[in-house]
Amino acid sequence: MGSRWLLLLLFSLTTSALLAQSSPPSAPTELTVQSLLDRIQRLESRINQLEDHERKQEAALAGTPAAPVTTQAVVTAPVPAPAATQARAESPAEEHASMGEIRDTERRFPSLQIRGFGDVDFSATDQKGSVSGFNLGQFVLHFASPLSEKVSYFGEVSFTAQPTGYDLSVERTIIRYDYNDYFKLSFGKYHTPIGYWNAAFHHGAWLQTTIARPEMIKFGGTFIPTHFVGVEAEGNIPSGGLGLGYNVGLGNGRSSLLSKSGDSGDSNDNRSWVANLYARPARFYGLQLGASVYRDKLTPLPGKNFGEWITAADVVWTKEKPEFLAEYANVHHRDELTANTWDSQAFYVQLAYRLPWQQSKWKPYYRFEYIHKPENDPTLVDVLDLSGSTLGVRYDITNYAAFKGEYRNSRHGVNEPRVNGAFFQTAFTF
Amino acid sequence: MTTHWKIASRAFASSCLCLALLQPVAAQRHDVDVAVVVHPDTPISNLSLSDVRKVFLGDRQYWSTNIPVVLLIRAPVARERDVVLKIIYQMSESQFKQYWIAKIFRAEAATAPKVVYSNDMANQLVTAIPGAIAFIDSKDVKPGSKVVRVDGRLPGEAGYPLR
Numbered sequence: 026m027g028s029r030w031l032l033l034l035l036f037s038l039t040t041s042a043l044l045a046q047s048s049p050p051s052a053p054t055e056l057t058v059q060s061l062l063d064r065i066q067r068l069e070s071r072i073n074q075l076e077d078h079e080r081k082q083e084a085a086l087a088g089t090p091a092a093p094v095t096t097q098a099v100v101t102a103p104v105p106a107p108a109a110t111q112a113r114a115e116s117p118a119e120e121h122a123s124m125g126e127i128r129d130t131e132r133r134f135p136s137l138q139i140r141g142f143g144d145v146d147f148s149a150t151d152q153k154g155s156v157s158g159f160n161l162g163q164f165v166l167h168f169a170s171p172l173s174e175k176v177s178y179f180g181e182v183s184f185t186a187q188p189t190g191y192d193l194s195v196e197r198t199i200i201r202y203d204y205n206d207y208f209k210l211s212f213g214k215y216h217t218p219i220g221y222w223n224a225a226f227h228h229g230a231w232l233q234t235t236i237a238r239p240e241m242i243k244f245g246g247t248f249i250p251t252h253f254v255g256v257e258a259e260g261n262i263p264s265g266g267l268g269l270g271y272n273v274g275l276g277n278g279r280s281s282l283l284s285k286s287g288d289s290g291d292s293n294d295n296r297s298w299v300a301n302l303y304a305r306p307a308r309f310y311g312l313q314l315g316a317s318v319y320r321d322k323l324t325p326l327p328g329k330n331f332g333e334w335i336t337a338a339d340v341v342w343t344k345e346k347p348e349f350l351a352e353y354a355n356v357h358h359r360d361e362l363t364a365n366t367w368d369s370q371a372f373y374v375q376l377a378y379r380l381p382w383q384q385s386k387w388k389p390y391y392r393f394e395y396i397h398k399p400e401n402d403p404t405l406v407d408v409l410d411l412s413g414s415t416l417g418v419r420y421d422i423t424n425y426a427a428f429k430g431e432y433r434n435s436r437h438g439v440n441e442p443r444v445n446g447a448f449f450q451t452a453f454t455f
Numbered sequence: 008m009t010t011h012w013k014i015a016s017r018a019f020a021s022s023c024l025c026l027a028l029l030q031p032v033a034a035q036r037h038d039v040d041v042a043v044v045v046h047p048d049t050p051i052s053n054l055s056l057s058d059v060r061k062v063f064l065g066d067r068q069y070w071s072t073n074i075p076v077v078l079l080i081r082a083p084v085a086r087e088r089d090v091v092l093k094i095i096y097q098m099s100e101s102q103f104k105q106y107w108i109a110k111i112f113r114a115e116a117a118t119a120p121k122v123v124y125s126n127d128m129a130n131q132l133v134t135a136i137p138g139a140i141a142f143i144d145s146k147d148v149k150p151g152s153k154v155v156r157v158d159g160r161l162p163g164e165a166g167y168p169l170r
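These protein sequence lines map, in sequence, to chains A and B.
Everything in the first sequence is counted per the numbering used here, starting at 26 for the first residue and increasing by one.
Everything in the second sequence is counted per the numbering used here, starting at 8 for the first residue and increasing by one.
Calculated directly from the structure, the hints in this document are not laboratory data.
Just so you know, these numbers come straight off a predicted model, no measurement behind them.
Here are some of the chain A residues that sit facing chain B, going by a computed Cβ distance under 7 Å:
1) ARG64
2) HIS167
3) ALA169
4) PRO171
5) GLU174
6) SER177
7) PHE179
8) ASN205
9) ASP206
10) LEU232
11) SER385
12) ASN424
Taking lysine to any residue pairs in the SDA-like style, the calculated list, with each CA pair at most 25 Å apart, reads:
13) A:LYS346 <-> B:VAL90
14) B:LYS110 <-> A:GLY141
15) B:LYS110 <-> A:TYR178
Beta carbons: idealized from backbone N, C-alpha and C, even for Gly.
Work out the full structure, taking the sequences as your base and the hints as a guide.
In structure tokens, the structure reads:
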């Protein structure tokens, strides 16, 4: 008889083991275990908070029935799943808890969020006269602060290492009023919405896949005005699945130093304007198509005026398997005195792919870029012809830090030798 | 020995029967649909999957001029979050975090989704915060909640996309 019970026990245990194995959990990675532990810790501290809160509530109310969570009318939609319609017993403690949660999630104004970005770089090239070595990239602080349900502030400042110290620069400062999704009006200093990259990746190298921006939109360059001071309207355009959106701006345009925007005032009485139209088709999640037009009058020297028209187009696929970015821009200048005209073109094509192995930390990439400028264009004197390739890989050390290594082969100028270089960067946000 | 064999056979048969009966329960746990629940005053009752995506990507930020969208999303490891990341965002956890950092500091959104730690909390907040939208396991949706149709279907109906 005893042996029967022993056998039954043995089979029960076997059955339990089999049942336990019937829905096996996925292999617990170190990350998952850590996140579970973190979650348990958060929940435990939350329970403690709630219990304290409940005790305080009970002491304060001293027998008063708990207030309902909300008195608003509730529209009922049937849920076919039978389990979903089952009433869940709720204790007053749950309602007390929810009131605490609601208070925790109430929006407070202003509520400033600050995020920093930094990078440390190493470069070595075979260009004559170049010096290899380390350098600190830009140290950048981003600010975002809702001021009310409809008004928000965004700011960005950068510290750039120079031989004699650090340059502090206000890169963006924007106050925006959101009327609705179709109309948002803002004032301040922006990254000019020409093409895709300039408005998508700001200062802070961690945000972008590669170490550096494409030459055509590099900060401090003159090919395209990267900054814009003035007023901008933006929003979605009712267009169904086409997902159209727009940016329209009016501002000072370039200062007399063409790489700078007119932060302290315009260089002439002519305002610049910019219009950008883009589509994010719902059917192709990740795809964005855009076209931009920019108009300005340049006054690099008193009495020397040039009309400027910039037209640009971009196609991007923002999902990382693969990531595809391509932009083209034509910059047209016209001397208002002689009516001479010059057209310069630039484009880049960048392809990257987030590899699925090792928790998707590796992302190899390749970029080809090209710039052509007429030799006698008197405005873009700092711009050189360029034909270059960049081959690199990004490794995300954590969710907030990345290491990048690149090989570049490029020719700057006409009939100049090609230059090879190796570049490394660790970029992070904090 | 024969008696023992009989008992063993019976026990084995019972075990198999138990396993067969419990198998659908275990499978059902993973097939429960995730409902899209909104605040009762939100002026929508049907969204396409791409509309839901647009809302959760922060590309649509207002239900109407005076009702901003308030996104609620479960904390990491919750099944609802996995479903949202896989079907709506099509991103990994780290891509999701990077997406919202970039979104906020591009000045395209003022705040990231609010994190909720349980379906109870999601139920309470979605009925209390005007404009709130949350994903809740359909078996945990409180009666009286406003459940939105996705592509014309409610949780539990054939072809419902969020599971």
